[in-house]
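Chains as they are written, first to last, in this note's numbering: chain A, 3 to 393; chain B, 3 to 393; chain C, 3 to 393; chain D, 3 to 393.
Careful: at least some of the hints might be erroneous.
You can't tell identical chains apart in this list, so a pair holds if it fits in one copy or across any two.
Quick list of in silico lysine-lysine cross-link-like pairs, DSS-like style, CA-CA up to 30 Å [unchecked claim]:
1) K345 <-> K138
2) K56 <-> K249
3) K56 <-> K189
4) K189 <-> K297
5) K347 <-> K297
6) K351 <-> K249
7) K351 <-> K56
8) K56 <-> K138
9) K297 <-> K56
The set of hints was computed from the structure by calculation and includes no laboratory data.
4 protein chains.
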Amino acid sequence: MIEGRDIVSAGPRLRYGLVGGGPGSFIAGVHRAGIDLTRAADITAGCFSRDREKSLAAGSAAGVSEDRIYGSYGEMAEAESARPDGIDFVVVTTPNGTHYEICRAFLDRGINVSCDKPLSLTTDEALDLVRRVRGKDLSFMVTYVYTGYPLVRHARELIRNGGIGDVRVVMAEYAQDWLADRLEDTKTVWRTDPEQAGVSCCVGDIGTHIENMVHFVTGLEIDRISAVLSTFVPGRELDDNALVTVKYRGGAVGHYWPSQVAAGRENGLSFRVYGTEGSIEWHQENPNEMRFARKGHPSVTLTRGGYDLGPSAARWTRMPSGHPEGLFAAWANLYEAYCSTIKNKRQGKAQDEFEIFPTAFDGARGVKFVHDCVASSRADSAWVDGAPPVL
Amino acid sequence: MIEGRDIVSAGPRLRYGLVGGGPGSFIAGVHRAGIDLTRAADITAGCFSRDREKSLAAGSAAGVSEDRIYGSYGEMAEAESARPDGIDFVVVTTPNGTHYEICRAFLDRGINVSCDKPLSLTTDEALDLVRRVRGKDLSFMVTYVYTGYPLVRHARELIRNGGIGDVRVVMAEYAQDWLADRLEDTKTVWRTDPEQAGVSCCVGDIGTHIENMVHFVTGLEIDRISAVLSTFVPGRELDDNALVTVKYRGGAVGHYWPSQVAAGRENGLSFRVYGTEGSIEWHQENPNEMRFARKGHPSVTLTRGGYDLGPSAARWTRMPSGHPEGLFAAWANLYEAYCSTIKNKRQGKAQDEFEIFPTAFDGARGVKFVHDCVASSRADSAWVDGAPPVL
Amino acid sequence: MIEGRDIVSAGPRLRYGLVGGGPGSFIAGVHRAGIDLTRAADITAGCFSRDREKSLAAGSAAGVSEDRIYGSYGEMAEAESARPDGIDFVVVTTPNGTHYEICRAFLDRGINVSCDKPLSLTTDEALDLVRRVRGKDLSFMVTYVYTGYPLVRHARELIRNGGIGDVRVVMAEYAQDWLADRLEDTKTVWRTDPEQAGVSCCVGDIGTHIENMVHFVTGLEIDRISAVLSTFVPGRELDDNALVTVKYRGGAVGHYWPSQVAAGRENGLSFRVYGTEGSIEWHQENPNEMRFARKGHPSVTLTRGGYDLGPSAARWTRMPSGHPEGLFAAWANLYEAYCSTIKNKRQGKAQDEFEIFPTAFDGARGVKFVHDCVASSRADSAWVDGAPPVL
Amino acid sequence: MIEGRDIVSAGPRLRYGLVGGGPGSFIAGVHRAGIDLTRAADITAGCFSRDREKSLAAGSAAGVSEDRIYGSYGEMAEAESARPDGIDFVVVTTPNGTHYEICRAFLDRGINVSCDKPLSLTTDEALDLVRRVRGKDLSFMVTYVYTGYPLVRHARELIRNGGIGDVRVVMAEYAQDWLADRLEDTKTVWRTDPEQAGVSCCVGDIGTHIENMVHFVTGLEIDRISAVLSTFVPGRELDDNALVTVKYRGGAVGHYWPSQVAAGRENGLSFRVYGTEGSIEWHQENPNEMRFARKGHPSVTLTRGGYDLGPSAARWTRMPSGHPEGLFAAWANLYEAYCSTIKNKRQGKAQDEFEIFPTAFDGARGVKFVHDCVASSRADSAWVDGAPPVL
């Protein structure tokens, strides 16, 4: 039984800036809510829109002082890095196609970055960012937020401790239906626009969450990938559904299914992992429960905050069991780990073993996965090398 | 389909103070997280403990300036009411037995109050607070937090609009097991101590949530109550389980079951309401779903943020469907409605129809319910008058 | 892990007759299907209707030879008891009001009886049948069929073996909606007719299943009962909903809720039993699963045929786990136990410890429960003595 | 709302014989129970074992007269076809490798056949049986039993009527764990023996159920198949897990996952079908429910016997809603359709539109699917032609 806790950063709050988050943006508000919950940082700067007027309006609403509301990210990176009270990190929530340049601008000015996934349009770009992060010893987070759930962290710990033996089969999916029809006719959908989204819509937007989640939880490395990308909605240029078959190093195999045309589904990310000794099953839409079966025993329902959980789950539990935590808490956990790492690094402390978050390299891994799927699909689903990118 | 939104108060932030929330306190942190999520107010004062040292430590950690960290609530009420930048409202999270005096002190100084449930030890105390609130035209919230969930608000709207016809039967419960054993031997449990908790433990702590929730959702008024309060754990003075039978005005009937000894249960608040035309069912532990059945049709699963929801649910939805919201969001909704009401009142605006929250009178209703249950149980479960208290 | 088995009676088949089961009857066919599944007996006689023509038609369709199709049950009892190849037992599936006389007629001729519930209109009648059964050492089954499910039998065994400690609270219900409207206007509904159904509709028809199930599973004896019977549908003479509060000997308490007006519910019999060491939960509509929680551990999902089940469940499992068994198998289990007992008795063998079925005394217990509920409700829900009937 | 019915064949019972079903056999008993439930036929002959003594023992226990208990299937086919009261059909429940010869023997003697799946070891054998069936105008059933569930039949009807629009994606699986360990060391497991099981264990045993179910429900024809067959348990010769990617004619795609090493899973056959207008989801382990979502509406839970079901479900519903039907009822439905078809044919009546069952050609389709999967897997998962076999 885990006691819920008020998980807030020790020490003074950090300062952060935002790139993105202008009128109509949703995701920026979610990043901010996650940071607010953990009380680890305050928003103090931002470039909320390429339109200076819009940027000013959004920034004022967020309580940012006018002199730190910028009309371009370049200007912001330069100005903030020059201030003694400049931002400690920047949050990037713009469309995929702009990530690389924005992140690079801040990294080059020595500013830590938290960026939406997918990290960039090409693997080379992603690897370039990784090198810059390492070169300057900065902290870079790619917000694969679903890894922030306590039970996901428990799943990782459980599998690493041999709780289900050696993994044999992974079944993972992410089913939505928001692109089941031709939404593009009535509103702007940058995700289906190759210029802004890159080579893939469905795999890039949600398939990459599957890849990240499975790697996070199982530690498995992909060996080979075969994929069938489909575009079901007429007139669309990019994929809206993918069937991916994965062979991992060591013999395990897996099916991934991301879909944006799965009529009747909302945000159905789930994974099921079957090992020699047992299995686990988790669904993002009801994240406070996890099914765990050991061979020869009836399955048990682990509950967030409940019994038989390890220190990893305990570290990230805010509410007692039965008091549901949602996605805001997962965001908070990611940002708490990230901000704590930044603080620890400044104080010369080692990173806490539980304060993990998806890194730039995880981001590069994700971008390569997207390209691997696209390449296989274009080659009539031939196997392609799915190994992690090489720096 | 409801778009998730960044629900934050318009206009400048309010200032609030906290009474309670010292070392080891959990619930104060939850109040604060709810307020943080909505960005409606900042903590600026507090009396965090009767021990001035502990109060100072907790207050500093919360970022409150030292001159506004108080050693007694009386001192705090006096000082804050005298400041031009004094708090706009106070949050009271102390044990039940102290609510009345603390709330009165702030009300009498003209300060709005948000107080944990149950509101007070006696109905007379509660009614006295109601009169003071009304006398000064203040805003008073009793934090029956579960009414903050979007689907609970939808249930209320649905029933009021005749969605299930006339209510016939209500089945509601709140099942926990944290008092299944003699916890009192190893730690301080003020809820089982009559001096601090009042006449009831189980009904006072969680039975009152059932009463509030059912009234909130159905609008039904209780006519008569019959109750069996049990104390299963030896040596305990107050009840740890109750079976309550309710007759409502108009002929509907209901069973309420609060329990703190329901082995294997975590925080199982649920209600099921059966009417002439259909029924609804909701479980707090999975608050993003609601079962809705219309007579002659298969049941549907309404999802938070999903289809077929009305404006009440829409008003309080922060995340898109499939992105689970938890209890923090429910707290935020309560505080958003409360803070907005305070601001509107100052600006002479009428209260928004959706910005409802449990009031002092709801609190008085809850206290009377607790006493009615105790009275019936002491009279061998004879029917007692369960009507709402009379001012 | 339990192997599914082909559960069929050893030795030659018994012969049985049917009273009831004429045109439009449903339940007689279900009895027959249950017997067919177990291959324990063949239908060889019957009085299928009071109308001789209808009786002949139904009997011929069932393959009964014409000389053993009777126009009255009295004639049938007399003739069958006189034949050397007469029936070994009779199945009675007529309306409640006729059970007593029919059962008595067969018992007095030395013929074993299997009768639908409730056993009779009055407790005295039921006790009279018990005495006749015992006087002649016959086998009498009252078909509380839900006790035939393997997981129900496991629940009984588990509780008797202390698996959840001492029972504290029982929550049981049976929710249907087939009488939510005035069905009587368009078809014949004998269950709402006092002449045919007796003093109660809802408690008599399904409340009695709750009482039987809880006693079967827990072994608890009722001490006192308080009930609120309601008639929600205008013009109806008998109850269609009941709220029952039960105090058991030894201090446990319970809520029973039978309803025939629970809009949106189908056949929702369920029980939840909370003890000092754990709890179980079972729902008839998904009978192949049972939730079991031990204090301090996450809950487990026991599956029919799966792991951690005892010999009682094993004895009654026909299909391997994952191959769902339904209500037909529960009927078969009841009849297999009953027929095996008849055969064993003839061979002077003791009854097998697993071959249990609801007896005439269980039937009497059920009839008294119905009357106790009615008596309490008529006395404004005063407590009434709910002890088992005394022979 | 569908009324449950006593579904029994009209007219006199048929006579059937059994090949297989000796000591230790389980599946033969299940066939028999299904036939018993529908009362369409009586067992009157059999070759229960290759060992005449064992055959005699099993036959006697089944009530078959000694002169119709045979020591070989050939002898049985010859003798029964020569009798004026010979069997109307034979049930074949022997290991896969023997199906072809046994079926052929009976077909050639003009006797109808019901045979376990997979139908034969090779597609050629299966097609040969199809030709013989057609040549003699006999009725041949391959017992893909899961198609017998009422809600499965409703799914088929719903999709054919456009209820979910054009199918885009199919996700289907069959997860078990009975071969997760090396069971072969301690008992005889013919399914993992290439001589008896053929080219595949997992795909042949359960993958073929997926293929049959998806075709039955959707009517989709496979165009191309890519498969990864794995053998996870050391020392095993055949596959125990398969990942199959399917492209259907017309552009739909699907993932099939049969596994016998999915630790913690029992008999998890399920399908989810996503179309342009909605989706359905069904799980064999809880067959009385089906999830149905129409685009733009919340999902509904269809219940067997409940609302919004069509005539196909109604035709095969035995129990009212809420009274769970299990696998026995599905078997009964298959045999009821089969026996009724035999009777109708004799009387020159056309086959009833609802009385469908898996045919010899469905069996051939299944055998080809197994071989296609094996061929693709052996070719490093290259696409293979997955079209139905050509007569």
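Item to check | Hints that the structure is at odds with (numbers, increasing) | outcome: As far as the earlier hints go, 2, 5, 6, 8 and 9 are violated by this structure, in ascending order.
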